[in-house]
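For the protein sequence lines, the chains are A and B, in the order given. Following our numbering, the residues of the first sequence are numbered contiguously, the last one being 405. Following our numbering, the residues of the second sequence are numbered contiguously, the last one being 405.
Hints may be right or wrong, so weigh each one.
Any copy will do: because identical chains look the same in the list, a pair fits if it lies in one copy or spans two.
Stated by the list, open to error - Result set (DSBU-like, lysine-lysine): computed pairs, CA atoms no more than 30 Å apart in a straight line:
id : residue 1 : residue 2
1  : K28       : K209
2  : K28       : K103
3  : K347      : K387
4  : K388      : K55
5  : K316      : K113
6  : K388      : K84
Hint data in this document are derived by calculation from the structure and do not stem from the laboratory.
Number of protein chains: 2
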Amino acid sequence: MKIAIMGFGVVGGGVGEIISTTQASLRKRCGEEIEIAKILDLRDFPDSKFKCFTKDFNDILNDPEIGLVVEVMGGTKPAYEFTKQLLLAGKHVVTSNKELVAKHGTELLKIAKDKNINYLFEASVGGGIPIIRPLYSSLVSNELTDIIGILNGTTNYILTQMIKNGATFEAALKGAQENGYAEKDPTADVEGYDTCRKIAILASLAFGKAVDSEKIETEGITKITLEDVEYAAEFGGVIKLVGMTDRAENGVYARVCPVILKKDHPLAGIDDVFNGILVRGEGLGDVMFYGRGAGSLPTASAVVSDVIDIVKHKHKHIELGWTEGEEGYLRDANEQSFRFYVRLSGKKSADFCREGFNVITLDGEKYANEFAIFTPEMTGYEFEEFKKAELSGCDILGSIRLVTE
Amino acid sequence: MKIAIMGFGVVGGGVGEIISTTQASLRKRCGEEIEIAKILDLRDFPDSKFKCFTKDFNDILNDPEIGLVVEVMGGTKPAYEFTKQLLLAGKHVVTSNKELVAKHGTELLKIAKDKNINYLFEASVGGGIPIIRPLYSSLVSNELTDIIGILNGTTNYILTQMIKNGATFEAALKGAQENGYAEKDPTADVEGYDTCRKIAILASLAFGKAVDSEKIETEGITKITLEDVEYAAEFGGVIKLVGMTDRAENGVYARVCPVILKKDHPLAGIDDVFNGILVRGEGLGDVMFYGRGAGSLPTASAVVSDVIDIVKHKHKHIELGWTEGEEGYLRDANEQSFRFYVRLSGKKSADFCREGFNVITLDGEKYANEFAIFTPEMTGYEFEEFKKAELSGCDILGSIRLVTE
Numbered sequence: 001m002k003i004a005i006m007g008f009g010v011v012g013g014g015v016g017e018i019i020s021t022t023q024a025s026l027r028k029r030c031g032e033e034i035e036i037a038k039i040l041d042l043r044d045f046p047d048s049k050f051k052c053f054t055k056d057f058n059d060i061l062n063d064p065e066i067g068l069v070v071e072v073m074g075g076t077k078p079a080y081e082f083t084k085q086l087l088l089a090g091k092h093v094v095t096s097n098k099e100l101v102a103k104h105g106t107e108l109l110k111i112a113k114d115k116n117i118n119y120l121f122e123a124s125v126g127g128g129i130p131i132i133r134p135l136y137s138s139l140v141s142n143e144l145t146d147i148i149g150i151l152n153g154t155t156n157y158i159l160t161q162m163i164k165n166g167a168t169f170e171a172a173l174k175g176a177q178e179n180g181y182a183e184k185d186p187t188a189d190v191e192g193y194d195t196c197r198k199i200a201i202l203a204s205l206a207f208g209k210a211v212d213s214e215k216i217e218t219e220g221i222t223k224i225t226l227e228d229v230e231y232a233a234e235f236g237g238v239i240k241l242v243g244m245t246d247r248a249e250n251g252v253y254a255r256v257c258p259v260i261l262k263k264d265h266p267l268a269g270i271d272d273v274f275n276g277i278l279v280r281g282e283g284l285g286d287v288m289f290y291g292r293g294a295g296s297l298p299t300a301s302a303v304v305s306d307v308i309d310i311v312k313h314k315h316k317h318i319e320l321g322w323t324e325g326e327e328g329y330l331r332d333a334n335e336q337s338f339r340f341y342v343r344l345s346g347k348k349s350a351d352f353c354r355e356g357f358n359v360i361t362l363d364g365e366k367y368a369n370e371f372a373i374f375t376p377e378m379t380g381y382e383f384e385e386f387k388k389a390e391l392s393g394c395d396i397l398g399s400i401r402l403v404t405e
Numbered sequence: 001m002k003i004a005i006m007g008f009g010v011v012g013g014g015v016g017e018i019i020s021t022t023q024a025s026l027r028k029r030c031g032e033e034i035e036i037a038k039i040l041d042l043r044d045f046p047d048s049k050f051k052c053f054t055k056d057f058n059d060i061l062n063d064p065e066i067g068l069v070v071e072v073m074g075g076t077k078p079a080y081e082f083t084k085q086l087l088l089a090g091k092h093v094v095t096s097n098k099e100l101v102a103k104h105g106t107e108l109l110k111i112a113k114d115k116n117i118n119y120l121f122e123a124s125v126g127g128g129i130p131i132i133r134p135l136y137s138s139l140v141s142n143e144l145t146d147i148i149g150i151l152n153g154t155t156n157y158i159l160t161q162m163i164k165n166g167a168t169f170e171a172a173l174k175g176a177q178e179n180g181y182a183e184k185d186p187t188a189d190v191e192g193y194d195t196c197r198k199i200a201i202l203a204s205l206a207f208g209k210a211v212d213s214e215k216i217e218t219e220g221i222t223k224i225t226l227e228d229v230e231y232a233a234e235f236g237g238v239i240k241l242v243g244m245t246d247r248a249e250n251g252v253y254a255r256v257c258p259v260i261l262k263k264d265h266p267l268a269g270i271d272d273v274f275n276g277i278l279v280r281g282e283g284l285g286d287v288m289f290y291g292r293g294a295g296s297l298p299t300a301s302a303v304v305s306d307v308i309d310i311v312k313h314k315h316k317h318i319e320l321g322w323t324e325g326e327e328g329y330l331r332d333a334n335e336q337s338f339r340f341y342v343r344l345s346g347k348k349s350a351d352f353c354r355e356g357f358n359v360i361t362l363d364g365e366k367y368a369n370e371f372a373i374f375t376p377e378m379t380g381y382e383f384e385e386f387k388k389a390e391l392s393g394c395d396i397l398g399s400i401r402l403v404t405e
């Protein structure tokens with residue numbers, strides 16, 4: 001099988017490395033040789049051991065010998081057009097491009113199905129953690145009920161620094177950038193967009209219909225303060241940025257937001273750049289997947305696992321069970337009920353010492369004029385009503401959902 | 001596809017339940033109906049909704065319409081003979097029977113390959129946790145280096161009771177039996193035999209050659225005392241029963257034994273009846289799988305995932321990469337190095353206050369005449385030498401390996 005790689009960055013380089021250094025074991029696994037015939041990148045790599053670079057996409061599209069293309073360029077332009085043309089030309093495509101899969105997965109999977117070829121994307125979520133394939137193979141016999149995941153290593157690193165070392169958000173972000181865990185422009189990570197794309201992919205696979213990532217309510221971690229971290233700790237919890245999705249009647253819920261997890265929650269101990277994904281099904285109970293969610297070789301190894309799967313299924317479309325979505329399938333996130341943590345001042349804590357509430361006060365002068373409450377469970381709409389009725393006139397210094405299960 | 005179920009116990013009943021109640025989604029996943037045509041069990045089930053029971057294996061073997069058989073009888077007699085005959089007759093077999101897979105997997109897989117059919121066993125390890133399929137699909141592009149797992153829920157429940165509630169081994173075992181987590185004869189669990197079969201299966205898949213479970217050094221938890229639990233806690237660790245296997249030059253290591261895990265080890269927080277399996281590969285880093293390792297519906301759902309996979313691959317043998325083992329491939333476990341915890345009396349603790357050692361003393365009259373040490377890293381042979389040279393004449397009250405990574 002001759003293949004091409006589009007994009008020779010961190011992941012593309014890793015894919016080249018793994019395929020070229022594990023030829024023997026790949027041959028054993030696939031029953032045939034995998035040869036890297038072309039690498040598309042606009043940059044020059046004069047020192048690379050690979051000598052098959054091209055800057056022209058048509059060199060790949062029009063090469064009848066290339067049967068599979070690894071797209072690890074990132075972004076949707078020109079990755080979307082390229083992928084579509086390749087699939088229409090009957091070439092299998094493997095990708096780590098979560099943005100593209102979240103945005104155009106439904107269409108690209110439909111083309112792959114029509115052409116009886118494959119479009120696979122194990123590397124798009126969780127780096128080297130096998131999570132996509134278990135959803136469409138191992139766990140398919142379960143009626144899955146919900147998924148909650150720490151899906152972004154950058155923000156988890158930042159929150160861990162805040163929780164364990166008392167770093168401010170700004171200092172922790174700077175540290176993450178210095179360590180290469182965050183990009184110069186960290187928006188996609190800290191605003192939750194990366195997590196949003198990933199939970200959209202997981203929801204689309206787990207529940208069978210496409211969920212539009214652009215309609216998922218998404219909140220990042222830029223407003224989280226060390227004071228929130230302290231209140232959460234006093235309550236016995238930690239703050240984590242999660243993507244979550246739940247099956248509902250006639251649809252699904254999905255959202256991305258920081259939440260407080262009690263310390264005995266399976267995801268509470270997932271620290272630093274690690275990812276953790278908790279999948280639940282009727283009968284199945286909790287199944288959790290944990291590992292390094294990014295990095296050249298873990299992500300590349302996930303890409304290569306898809307390459308191998310395709311070489312073994314060259315003439316067969318692998319059905320992922322991701323079909324077209326429909327209006328109203330993604331339900332209004334404000335219908336979902338949570339308990340809410342609210343940090344506030346300008347009110348007496350005694351007002352909330354009643355059934356269903358927890359009131360947390362902290363020692364120290366800094367905390368003299370404020371406290372935090374955990375409300376009873378309520379929908380997003382009810383929470384807005386509650387704020388109007390009981391918190392008008394006070395300063396709301398922070399507000400985070402609590403996830404207990 | 002017409003299928004048969006052999007053994008209508010806890011798992012077999014769950015398989016029947018799932019297949020009969022999720023027909024629509026199964027049809028969507030497989031592209032065809034799955035019909036339970038025969039159920040083999042020597043018992044009578046007059047109240048069952050199924051009406052296709054038989055007591056005669058030949059009713060299944062000789063039914064040309066049955067293309068797939070679920071073997072969930074357990075044990076090797078008559079499961080081995082039955083499975084072999086079914087495979088030779090060209091029928092796919094799916095099983096949860098770890099004893100049979102560990103003992104005869106190599107032979108049965110070879111027959112399946114020769115016949116271009118499948119013998120799958122996702123449910124044999126970790127109940128509903130997808131671990132077998134990731135090893136032969138998602139993780140295949142990695143050179144895996146080692147696996148360590150808490151693979152037996154019964155012993156993990158017992159140890160958790162000892163650690164968290166101060167129950168003695170005997171009391172915790174009794175509690176496990178009362179809760180239905182342990183069988184009347186708990187030997188296979190508490191002596192580590194169950195874990196041994198599972199780590200043999202994982203090692204055979206992960207490293208490509210069969211590992212004979214009967215040659216794996218296996219030690220259970222019957223000698224673990226509450227005093228050991230206390231010393232481990234003082235050291236910042238917990239005692240867990242693990243199966244572990246490591247790739248070595250020209251072979252593999254494998255063993256089953258109680259170990260002390262430092263509290264920040266990913267497996268240290270896996271409590272009660274949960275299982276956790278940590279897989280490591282070059283580049284990949286740590287990937288962990290966690291979930292309920294047993295139970296009717298989780299295990300049955302893993303069985304059904306294999307059934308679905310086979311219906312989708314009816315005419316194709318799925319290569320698992322498990323080939324025949326060879327003499328000397330499983331290496332002498334005593335060559336492997338560990339730090340050792342030793343609880344002893346009849347010696348002065350000051351004798352061990354030197355580089356590479358940790359000495360732990362506990363308060364209280366009960367501990368007045370004893371203490372524990374953690375040795376530097378040494379092989380099993382070196383440990384025997386060490387005991388002769390430095391511990392002769394003292395009472396060794398307990399001894400456990402320490403696993404730090």
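Which earlier hints can't be squared with this structure? Hints 4, 6 not satisfied by this model.
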